[in-house]
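> Chain by chain, the residues:
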Amino acid sequence: MISLSDYLILSAIIFCIGLVGIFVNRTNIITLLMCVELILVAVNTNFIAFSYFLGNEAGQIFVFFILTVAAAEVAIGLAILTLLFRIRGSISVDVTNSLKG
Amino acid sequence: MNSEQIIFYIFSFWFIASSLAMIFSRNAAKAVLFLILAFFSAASIWLLLEAEFLAITLILVYVGAVMVLFLFVIKMLNIDKSTLRAKFAGYLPLGLLVAAIIVTEMAMVLGYNQFGLGVMAAPARHGADYSNITVLALQLYTDYIYSFELAAVLLLIAIIAAITLVHRKEVNRKGQSISEQVKVQAKDRVRLVSITPKNKENK
Numbered sequence: 163m164i165s166l167s168d169y170l171i172l173s174a175i176i177f178c179i180g181l182v183g184i185f186v187n188r189t190n191i192i193t194l195l196m197c198v199e200l201i202l203v204a205v206n207t208n209f210i211a212f213s214y215f216l217g218n219e220a221g222q223i224f225v226f227f228i229l230t231v232a233a234a235e236v237a238i239g240l241a242i243l244t245l246l247f248r249i250r251g252s253i254s255v256d257v258t259n260s261l262k263g
Numbered sequence: 008m009n010s011e012q013i014i015f016y017i018f019s020f021w022f023i024a025s026s027l028a029m030i031f032s033r034n035a036a037k038a039v040l041f042l043i044l045a046f047f048s049a050a051s052i053w054l055l056l057e058a059e060f061l062a063i064t065l066i067l068v069y070v071g072a073v074m075v076l077f078l079f080v081i082k083m084l085n086i087d088k089s090t091l092r093a094k095f096a097g098y099l100p101l102g103l104l105v106a107a108i109i110v111t112e113m114a115m116v117l118g119y120n121q122f123g124l125g126v127m128a129a130p131a132r133h134g135a136d137y138s139n140i141t142v143l144a145l146q147l148y149t150d151y152i153y154s155f156e157l158a159a160v161l162l163l164i165a166i167i168a169a170i171t172l173v174h175r176k177e178v179n180r181k182g183q184s185i186s187e188q189v190k191v192q193a194k195d196r197v198r199l200v201s202i203t204p205k206n207k208e209n210k
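These protein sequence lines map, in sequence, to chains X and L.
When you line the first sequence up against this note's numbering, it's residues 163 to 263, in that order.
When you line the second sequence up against this note's numbering, it's residues 8 to 210, in that order.
Just so you know, not all the hints are guaranteed correct.
Once the Cα atoms are required to be at most 25 Å apart in a straight line, the calculated SDA-like pairs of lysine to any residue come out as [claimed, not checked]:
| id | chain 1 | residue 1 | chain 2 | residue 2 |
| --- | --- | --- | --- | --- |
| 1 | L | Lys82 | X | Leu246 |
| 2 | L | Lys82 | X | Ser252 |
| 3 | L | Lys181 | L | Arg196 |
| 4 | L | Lys37 | X | Ser254 |
| 5 | L | Lys37 | X | Val257 |
| 6 | L | Lys37 | L | Ser51 |
These aren't lab readings, by the way, just hints derived from the structure by calculation.
Hey, can you work out the whole structure from these sequences and the hints?
Pasting the structure below:
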């Protein structure tokens, strides 16, 4: 049988892969959005694993709402990306430095 | 090793391998395809956890809609490949270091001493008459009905925001001008001309 630890460690590995993706992809915003998707899937796997092992379906309801929010985030993110490409002619992270902190 | 473990490790391997290939691929379209493979593997692992509805939703909504949206945007934008990945190696050691530390810490916290089968035993598999969709729908439409409606409103706001962001001024649009249509008279549209027929000899 597969224990809860296996699922949790798997989702931790996926989470960290998404994190590394955000670190190394400084030049492409589309890949940044995809890494955020990967992180969300890792978190959803956590929710579903706990929901299964605890016998409580509320975790799956949470995953449902996370999927909704992620879809909305992708729609708005890609709209902003299209707008950025139309204005700057590039989708590199380096051109989005107007707001210098 | 029983068949469940074999299935779990195969899909975990493909999940991790395609995720790594996604973040290290130079081509954005290839990255999307690797992410689709990662989502399929994740859906298979969710099926092992008896979350059938969410697994199918992940494939239908994510692979069918969101990833295709990504592909549309990548094909639409003409991305210069040479400028991409210019500073790739600069942040890689730091990222790998942070990720290795996080994985080690999480593995120590989430190890078999805390969440192993001895501590938290796997529940018995449900029978063939168990419906995951029925259980989810009963909770979703009773306890979580307000959250469900809020999610619908959130999607509506996302649609409006996305359309408003990329909306152009009416340079190329063919729209109706209602006031012009109401003000129009018959003499503006119909012109009566008197034509004298020439070839009367055919009749």
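> Now tell me, hint by hint, if it's right for this structure.
These are the hints, each one checked on the structure:
1. Pair hint Lys82 (chain L) plus Leu246 (chain X) holds up; C-alpha atoms about 16 Å apart against a cutoff of 25 Å.
2. A C-alpha spacing of about 14 Å is found between Lys82 (chain L) and Ser252 (chain X), which places the hinted pair at or below 25 Å, so the restraint holds.
3. Note on Lys181 (chain L) and Arg196 (chain L): the hinted pairing holds, with a Cα-Cα distance of about 20 Å set against a maximum of 25 Å.
4. Taking the CA atoms of Lys37 (chain L) and Ser254 (chain X), the gap is near 18 Å; set against the 25 Å cutoff, the hint holds.
5. Only pairs whose Cα atoms come within 25 Å are accepted, and Lys37 (chain L) paired with Val257 (chain X) is accepted, the gap being roughly 24 Å.
6. Of the supplied pair hints, the one linking Lys37 (chain L) and Ser51 (chain L) holds, its CA atoms being roughly 21 Å apart against a limit of 25 Å.
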